[in-house]
Structure formats: structure tokens, C-alpha cells
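> Sequence:
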Amino acid sequence: EQYSRIEVRSSTRGRPHNKSDNASLSTPYERLVLGICIFDLFFSLGWSLGPLPGPEGYLPWSKGTIATCTFQGFLIYIGFASFAYNAMLMILFVLVIRYDISPKRLGKIEPVMHFISITYYLVTSILGLVWEVYGFAGSVCLVAAYPNGCELPELNLKCMRGGKHVSVFESWVTMFVFTAWVIIIVVCSIIVGGTVLQRFYRSRRYDFQATGNDNNRKQKPGQLGARTVREVIIQCLLYSFSFLNSCVWFAVQNAIWKLSKNPLDWFQTTQWLAGVGLFFLPLQGFFNFLIFMRPRFMNIRVQFKDRGMFFALKEATWYPVSSPQERQNR
37 EQYSRIEVRS
47 STRGRPHNKS
57 DNASLSTPYE
67 RLVLGICIFD
77 LFFSLGWSLG
87 PLPGPEGYLP
97 WSKGTIATCT
107 FQGFLIYIGF
117 ASFAYNAMLM
127 ILFVLVIRYD
137 ISPKRLGKIE
147 PVMHFISITY
157 YLVTSILGLV
167 WEVYGFAGSV
177 CLVAAYPNGC
187 ELPELNLKCM
197 RGGKHVSVFE
207 SWVTMFVFTA
217 WVIIIVVCSI
227 IVGGTVLQRF
237 YRSRRYDFQA
247 TGNDNNRKQK
257 PGQLGARTVR
267 EVIIQCLLYS
277 FSFLNSCVWF
287 AVQNAIWKLS
297 KNPLDWFQTT
307 QWLAGVGLFF
317 LPLQGFFNFL
327 IFMRPRFMNI
337 RVQFKDRGMF
347 FALKEATWYP
357 VSSPQERQNR
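The working numbering applies: residue 37 is where the sequence shown begins, and numbers increase by one.
These aren't lab readings, by the way, just hints derived from the structure by calculation. It cannot be assumed that every hint is accurate.
What the hints assert, rightly or not - With a Cα cut of at most 27 Å, we get these calculated DSSO-like pairs of lysine-lysine:
1) LYS194 to LYS294
2) LYS99 to LYS194
3) LYS294 to LYS200
Only a predicted model underlies this, so the values are computations on that prediction, with no experimental measurement involved.
Please build the complete structure, drawing on both the sequences and the hints.
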């Protein structure tokens with residue numbers, strides 16, 4: 037595949053490539069995607085429970101206790117490590133595509149990416165347990181004081197859990213770092229897209245000057261073809277869109293709520309944003325899976341145009357490293 041194996045070339049340069057490279061987690065790209073999938077599983081599992089673990093009495097379908105609510109909040113929060121892994125994946129793209137980093141140096145950097153993504157959310161999720169900040173946040177249990185709204189001075193309620201720690205944990209420990217991941221992803225996407233376009237047009241200009249005839253140009257080793265450029269940019273943008281689409285709805289609602297003079301009124305008015313966010317947020321892992329499979333799926337579609345989309349999807353999912361002859365025989 038034109039793009040999906042660009043990361044394989046970065047980690048296997050200098051040695052022969054064989055079938056086992058694709059069959060195992062042999063590249064940084066695949067291991068980072070695995071990290072996304074693992075923590076997204078925690079996130080989606082906690083989110084799929086909805087309001088059910090919430091303390092009884094909050095909503096008609098809340099049947100849990102403070103303990104079950106705390107467990108759901110912990111599960112969802114530690115799943116936020118998948119967003120950190122998304123940012124690390126984009127940094128990997130920049131290192132490989134923009135700086136053409138050597139496999140040896142990449143091998144030293146990759147463990148740091150895993151360490152940051154896992155350690156930060158493991159430590160802060162435990163801190164959330166100590167501070168008792170996990171509570172019912174309107175639709176699921178996440179970061180909220182108990183009872184709800186007790187941290188607001190105008191409500192004059194005494195907090196039984198969380199209290200002043202909630203605002204610190206929500207604003208700085210969670211949202212500040214989450215905003216940093218968003219910025220990293222956006223900046224890396226711009227760098228990757230700009231680098232690929234720059235190299236593509238530079239190679240076309242030099243080659244045209246050398247041949248004097250655009251129609252007779254042949255792509256030389258190391259040059260980027262138009263299809264490769266397109267696939268790199270599309271794949272990078274799809275990963276960025278998958279991440280941003282999963283968080284932008286809640287971010288907009290939270291910004292409106294924080295900046296408004298009457299937060300409780302605005303919270304009700306912008307509930308539709310929360311509804312859209314509730315739909316897309318748990319689907320981020322599924323979208324990442326589709327994006328990861330896309331280059332292989334497209335390649336099989338080109339090779340076997342008469343076999344249909346279902347055949348390509350089955351082969352890309354269940355037989356990712358099969359040869360064209362093996363696919364033809366099935």
C-alpha cells in the first residue's frame with residue numbers, strides 16, 4: 037500500500053522486509069495504534085454504560101451507587117490516554133515524514149511516547165480517586181462534585197465529594213492537557229501536509245527541468261508520486277478529523293457554558309451539542325480502525341476490481357498479509 041506502510045519503511049530500512057513484519061507489531065506505527073485501541077476500549081466500555089452506574093435518583097435509569105459511579109468515571113478518564121496516543125501518532129508522522137528520522141533514534145523516542153501517554157493518565161486517574169472527583173456529570177459519571185453543582189457559590193450547597201478539587205482537576209489536569217493534545221494534532225497535520233506537498237512539487241520541478249518533457253517523466257527512486265502524496269495527506273487528515281470530531285462538540289458546549297453569565301440556562305440550551313458528542317465520542321476507536329484499514333482495503337479493491345467491496349473488506353480485516361495469489365484462490 038502506498039501510505040500505510042510508510043511507517044514500516046521507517047523501521048525496517050536497512051534490512052530485508054518480509055511477511056512477518058506485517059503480521060506482528062513490528063513497527064512504531066502499529067504499536068501506537070494498538071495503544072489507541074486498548075485505551076479506547078476502556079473509554080468506550082465506560083461510556084457505553086451511560087447513566088446506569090449513576091447514583092439512584094439522578095435520572096430514572098440511574099440505578100447505581102457512588103461506588104459504581106466512581107468506577108465508571110475512573111474507567112472513562114483512564115481511557116483518555118487514547119487521545120494522548122493520537123497525539124503521539126501524529127508526532128510519529130512528523131518525525132518520519134518531515135525529519136526522516138533513523139530507526140535507531142526512533143527506537144529511543146517511541147518508549148517515551150508510551151511512557152507519557154500511559155503514566156500521565158494512570159497517575160492522574162489515581163489522583164482523581166484520592167480527591168474523590170468522579171461523580172455524575174449529567175449523562176455519565178466523569179468529573180463532577182457531589183451533589184451536582186455544590187462547587188458553584190450561588191447554589192449554596194455543601195459538597196460531600198470533590199469540592200474545590202473538581203475545578204482544579206477538570207480545568208488543569210483534564211482540559212488543559214487535552215487542549216495540548218488537540219494543538220499537537222492540528223500542528224502536526226499542517227507540518228505533514230506541507231512537507232509532503234513541498235517535496236512533491238520540488239521533485240516535479242527538478243525532474244521537469246532535467247527531462248524538458250513532462251510527458252516522458254519517470255518517477256525516480258525516492259520521489260513522491262501524486263498518488264502517494266494524496267494518500268499521505270488523506271490518511272493524516274482522517275486521523276485528525278477522527279480525533280477532533282470526537283471532542284469538539286463537548287469542547288464548544290463547555291466553552292459556552294464557562295463564558296456565559298447564566299451557565300445553568302446555557303447548559304440547557306446547548307444540550308444538543310452534548311447529544312451529538314455522546315454519539316460520536318464512543319465511535320472514535322471504530323473510526324480509527326476504519327482509517328487504519330483504509331489503505332489496505334483500497335489496494336485490494338484496485339487489485340480485484342471484480343470481487344466487490346465485501347471481499348476487499350474481508351481480506352483487509354482477516355487476511356491482511358496474504359499474497360495476491362492467495363487472495364485469488366479464496
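> Hint by hint, say whether it matches the structure.
Status of the hints after comparison with the structure:
1. LYS194 to LYS294: holds (21 Å)
2. LYS99 to LYS194: Holds, at roughly 24 Å.
3. LYS294 to LYS200: OK: LYS294 and LYS200 at ~16 Å, within 27 Å.
The structure agrees with every numbered hint stated previously.
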